[in-house]
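Asks: Taken in sequence, the protein lines are chains A and B.
By this note's numbering, the letter at position 75 of the first sequence is numbered 75, and the numbering carries on one by one without gaps.
In this note's numbering, each number is its position in the second sequence, counted from 1, plus 1000.
When the alpha-carbon atoms are kept at most 27 Å apart in a straight line, the in silico BS3-like pairs for lysine-lysine are as follows:
| # | chain 1 | residue 1 | chain 2 | residue 2 |
| --- | --- | --- | --- | --- |
| 1 | B | LYS1016 | B | LYS1038 |
| 2 | B | LYS1003 | A | LYS57 |
| 3 | A | LYS42 | B | LYS1038 |
| 4 | B | LYS1003 | A | LYS42 |
| 5 | B | LYS1003 | B | LYS1070 |
Derived from the structure by calculation, the hints contain no laboratory data.
The structure displayed is predicted, hence computed values, not measured ones.
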Amino acid sequence: EPEVTQTPSHQVTQMGQEVILRCVPISNHLYFYWYRQILGQKVEFLVSFYNNEISEKSEIFDDQFSVERPDGSNFTLKIRSTKLEDSAMYFCASSGRPGLNRYEQFFGPGTRLTVL
Amino acid sequence: AQKVTQAQTEISVVEKEDVTLDCVYETRDTTYYLFWYKQPPSGELVFLIRRNSFDEQNEISGRYSWNFQKSTSSFNFTITASQVVDSAVYFCALSEAPIQGAQKLVFGQGTRLTINP
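I would like the entire structure built from these sequences, with the hints used as guidance.
Replies: Structure follows, in structure tokens:
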């Protein structure tokens, strides 16, 4: 069964540093997403990406965030200058498998980001 | 605006009991999609079900069943004969019509379900 993978599983960084979270979506999927979950809270949408551009972004996704699909397989989330409040689990998801379940989003295992 | 409310923050039952997790949603769209995801202690999000707004048929999958009622904007989830392995946080989510095919999921706060042996 194909799956979404994310690296690293845990990233610790100092406030103000840049981080890049990496995701490899399922190979024939067309739509890609980032969500975050602050510890103990609900999962929140950050951004969706299709055809090499952002489809939609939330108000959380400010100028400090950017996404990229640099090589046709990886999908990255960059946080330029991390803040303490960026500490969260970041989930990548993909969807768009042709067929009946086209809109089912498959989630990766998450990257836990800790900003010190 | 879209909103999902899971009023039950935590539920604890004894194994083999039936348990229902409530989900109430708000949306202005006539076309929308409802989902349930399971988040076990390991942290990943596991897809359970997707329903579109035109399909009010209830669904059963093994011990799991879902009751979708548009009249009350609810999409409740029942686990029959619960097992310890069902212990997890369960999230209900809503998505409105896709933008260029991409669908933003709006999640509820989640219900932490503990099944005691």
